[in-house]
Amino acid sequence: PGSLAAAELSIIAAARFVVMNSTFDKRHERICLLLPCVLQSAYELRCGLFAYAKATATTYEVKLASFDKTGRTDGLMQFIEQKCSDLSPVLSACNNSARMVIQTDRAL
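According to the numbering used here, the sequence shown is numbered sequentially starting from 263.
Rather than coming from a laboratory, the hints here were simulated on the basis of the structure. It should be emphasised that the depicted structure is a prediction, and the values quoted were computed from it without experimental measurement. You may find that some hints are simply not true.
[Said to hold, decoys possible] Restricting the straight-line Cα-Cα distance to at most 20 Å, the calculated cross-link-like pairs of lysine to aspartate or glutamate (EDC-like) are: (1) Lys316 x Glu343; (2) Lys316 x Asp336; (3) Lys316 x Glu306; (4) Lys325 x Glu306; (5) Lys345 x Glu323; (6) Lys316 x Asp348; (7) Lys345 x Glu270.
[As the list claims (entries may be wrong)] Restraint-style ranges between C-beta atoms, simulated for each label pair: (8) Arg292 x Gln340: 22 to 30 Å; (9) Thr332 x Phe312: 26 to 34 Å; (10) Arg292 x Ala369: 37 to 45 Å; (11) Leu266 x Phe286: 25 to 33 Å; (12) Asp330 x Arg278: 19 to 27 Å.
Built from N, CA and C at the ideal position, the CB exists for glycine as well.
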């Protein structure tokens with residue numbers, strides 16, 4: 263749990279740092295170059311969390327399709343929400359950080 267909290271706070275801090283620098287009149291161009299790095303980091307962290315959840319489901323022989331009531335997805339997100347709830351805040355942080363960076367990049 264401690265490492266998940268650290269990952270969550272780290273990705274949020276990186277995104278805020280780059281976004282806040284980008285919104286100033288006298289922004290540092292070298293820091294602005296970190297925008298793609300923050301997006302890539304959020305993406306890689308998100309992919310790693312999904313891989314961990316899939317491995318957990320496989321280890322416990324859980325059929326992910328049984329978690330999806332609509333039949334439109336593989337049930338991984340529902341599995342994460344129900345059985346790996348520690349991962350949900352980190353996934354939200356990844357999504358929100360990427361959204362924040364993309365919105366700032368569009369505004370520039």
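Consistency of the hints with the structure:
Distance hint between lysine 316 and glutamate 343 is fulfilled; the C-alpha atoms sit about 13 Å from each other, no more than 20 Å. Note on lysine 316 and aspartate 336: the hinted pairing holds, with a Cα-Cα distance of about 10 Å set against a maximum of 20 Å. Of the supplied pair hints, the one linking lysine 316 and glutamate 306 holds, its CA atoms being roughly 15 Å apart against a limit of 20 Å. Distance hint between lysine 325 and glutamate 306 is unfulfilled; the C-alpha atoms sit about 25 Å from each other, more than 20 Å.
Under the criterion of a C-alpha separation no larger than 20 Å, the hint pairing lysine 345 with glutamate 323 is consistent with the structure, at around 13 Å. The suggested pairing of lysine 316 with aspartate 348 holds, with an alpha-carbon distance near 14 Å, which does not exceed 20 Å. Using a Cα cut-off of 20 Å, the hinted pair lysine 345 and glutamate 270 holds, with the two alpha carbons roughly 19 Å apart. Distance hint for arginine 292 and glutamine 340: a CB-CB separation of about 42 Å, inconsistent with the stated range 22 to 30 Å.
At about 19 Å, the CB distance of threonine 332 to phenylalanine 312 disagrees with the hint of 26 to 34 Å. At about 20 Å, the CB distance of arginine 292 to alanine 369 disagrees with the hint of 37 to 45 Å. Judged by the Cβ atoms, the range 25 to 33 Å given for leucine 266 and phenylalanine 286 holds: they are separated by roughly 32 Å. Separated by about 34 Å at the C-beta atoms, aspartate 330 and arginine 278 break the suggested range of 19 to 27 Å.
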